[in-house]
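*Asks:* Residue numbers (this note's numbering), protein chains in the order written: chain A, 1 to 293; chain B, 1 to 403; chain C, 1 to 188.
I should point out that these hints are in silico values taken from the structure, not numbers from a laboratory. Everything numeric in this text was worked out from a predicted model, so none of it was measured. Even glycine gets a Cβ: it sits at the ideal position worked out from N, Cα and C.
Simulated restraints on C-beta separations:
id	chain 1	residue 1	chain 2	residue 2	range
1	C	Ser-126	A	Asn-284	30 to 36 Å
2	B	Asp-220	A	Thr-155	44 to 50 Å
3	A	Met-24	B	Asp-64	33 to 39 Å
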Amino acid sequence: MSATTMLDSAAEFDVRDYLRAEMMPHFLCPGCGHGIALRALLWAVHELAIDKDRLAVVSGIGCAGRLSAYIDASTFHVTHGRPIAYATGLALARPDLHVIVITGDGDCLAIGGNHLIHACRRNLKLTCLMLNNEVYGMTGGQVSPTTSETRVTSTTPLGNSEPHFNACALAAAAGAGFVGREVTHHVPKLKELIKAGLAHPGFAFVEVMTDCTEIFGRKNEMGSSAEMVLRQKSELRPSAYRDTVDMPFAAKDLPTGILARNDRPEYGEAYRRAAVAIKSAADNPAAGRKSRQ
Amino acid sequence: MNAIETAPAASMQLISGNHACALGAIAAGCRFFAGYPITPSSEIAERLSRGLPEVDGVFVQMEDEIASIAAVIGASMGGVKAMTATSGPGFSLKQENLGYAAGAEIPCVIVNVMRGGPSTGMPTRPAQGDIMQARWGSHGDYPIIALAPASVREIYTETIRAFDLSETLRTPVVLLYDQVIAQLTETVELGDAGARGRAAAAERKWASGPRESYRPYAVDEDGIPAMSRPGAGYRVHTTGLNHAEDGFPTQNPEAVARNLGRLLAKFERHRDLIDSWQALACEDAEVVIVSIGISARAAIRAVAMCRARGVRAGLFRPVTLWPFPQAALREATAGARAVLVPELNAGQLSLEVQRILGDRPVDAIHRYNGEPITPAEIAERASSLIDTTGAGSAKAPGVRRAR
Amino acid sequence: MKRDQRMEIRIGGTGGQGLILSGKMLAEALSSMGRRVAQSQTYEPTSRGGFCNSDLVVTEGEVDYPLTSALDCLVLLDRMAVAPSWALLKTGALVIADTRLCPETPAGDCSVHQLPLTRTAIELGSERVANIVALGALAVLTGICDRGALERAVRANTPKSFLDINLDALAEGYRLGEQTHRAAATAA
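Same shape as in the complex, but just chain A (with noise of 0.2 Å):
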């Protein structure tokens, strides 16, 4: 273990600890969220003394999916809509690892939809920050399953008719273990909640409301970013628990914090659980043949 890696979570937190020198400049453009938003992981992973040397980081395509190539950790850049079922794959084999996928709203909900339902319902130990900007911003500014009705974009150009995905009610319906949502106008509150994603035992979702100032916001005359992330106030409906699940394509609201938790059996551990058994079976076929029946 190297001295960097030797962080004392009390440390103060310097973000330069945590990033890649020389992928700097970042691509990403002005005023947008996510570097925010992967300023509060990084702030949570050195509160949790987290070891950079077992942090995983998968990642998928578009902006967000970039945001891996700057983290100091084993970091998997793959293919779009993806990074849950790599992730799934590299949890599962390498159970010492803490494996962390940051993914859009595109990625995670459209392409990769299938995964996040699946991986909600499998509970296994992986915390899943989605970055939701409403947008797929890298392609153009298409319209995405977040994308609140009426918005211009792209490919609506008259405005978005199509309702928008509640991804934490989604993610709940679907059983995730620990769901939760925050802004990227409260960053201490944000850093929070993603470290309580990260301590959870099994599957976390995490979806960070973030700006897209350059394509979202300019097509939509949203102002600058600083109105952008002020604006992201006047929509907050700052509560603590509740059901999300009734209104998976409720007009646009914001319950943010923790939504939904669950203690459900984490699934690498049943996994591991369930395979002794069918070892002992193996070393005794009799004890095995009468505890399958």
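Keeping the supplied structure of chain A fixed, place chains B and C upon it in accordance with the hints.
*Replies:* Below, chains B and C without anything else, positioned relative to chain A:
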């Protein structure tokens, strides 16, 4: 080399091709399998769901075909030997991620049990229609290895070889066999093969030395980059974007050309390890049959039938299908007046054979109705090529369409 | 059997009759006797119903081509199996047809025995053991397999709750086969 091993032995087992694949995987050190149910390959997953936990491995049934190969690549990125198994429709779905494994050089084994196609096709009937998909299925330019076993025992030994090649050369390896061989139950003896398999089990070239001087895609003479295991302190980046030696994305034309050029050429200096074929009675053959899988099994009998009636037939059977053992094919057919390719598709192996043999006539039996080609049909066609091929005047290439 | 001799057997009927299982039992018994066996199946993508053939190629030496193309023996547990199999029969081949489910067979140069395989199974308490009755009759009439080896294979592949009825079915199959054998000998 690599004849179908059939010599009787003391400890015989009666197992199916798919069962042999599962046993071979475990013998080769596979400790992770992710799959999705599909006929006619599901028996591999069923076997491994019980077999892997017995050796402290992990089996997981994923939500779809794409998730299966993604999880397999994820496990391999974690340093564990991993495999998935599927059939045509699933193989199509896996192609994008197979390209990722090829491009990022992540070892993994993909079993494709070929059934009738296109689309859902004929799930329980044999075909050999994925020969070209195995080579060219993903987008862009990338190298791939595909192995084509023809017997239950060979499925076992080739599964082990698939892992060895995959780990040694840091590449996905496709194991390609048809429904007949997959669900065929044969008397086999695996004792020796098992011992050989374990002795030969290859280990990936792992990074060593200080982190500061480690470059994930830098190579020495063998052209194979050393991989770093997460947790070993290297903390590197892996991406499907074109990357430089440091592993980070680049669009620098020289850096891209250097890394991609190295990738595309990386098998060339390892052909001795990769190439494998069976040349049966080709030395004096006037007609050489080129075939794989169940069609090759029919051809073995056809060779005997031809020779019994005075036609000197031989068989060339590529065991490594991709990269095709082309020098060996040229050598095996050098003295032949005719070449015949029986295959269960509309013309895939024959296309490659024709490419390699250039202007020389290549005849074929192409069938895609779900019925295997029989030994008698091959023998009759092979004999007719010689009967009608006067000295020095070979018959023009012709293709028999399926009935 | 001579080393280069090859025997081809088909058990044909419909999916769900346990044909693949009985083929595997016979293959296991023959394999335990030191024979080389290749067992294959052709079936439709349904678990129950549709045609189903379970084929065996048996040799002393190596099996080059593992599929059947000239049948020495055909068991018909359903009329559905007649059409795809009849043309494959060798001259003088042995055919065992079930009296209930395959009462008629085409003319041909083969010796056909109509046996009450499913009726016997029903009398034993389950139509599902007709495959085992057939196995016993087949073993007697072909003389290819030791009774002890076959019984061991049946035991090894039968769940406990079915063991008694399967062993009874095998014995009944042997009885049917021996009866037929004696009748044929008397007629000759």
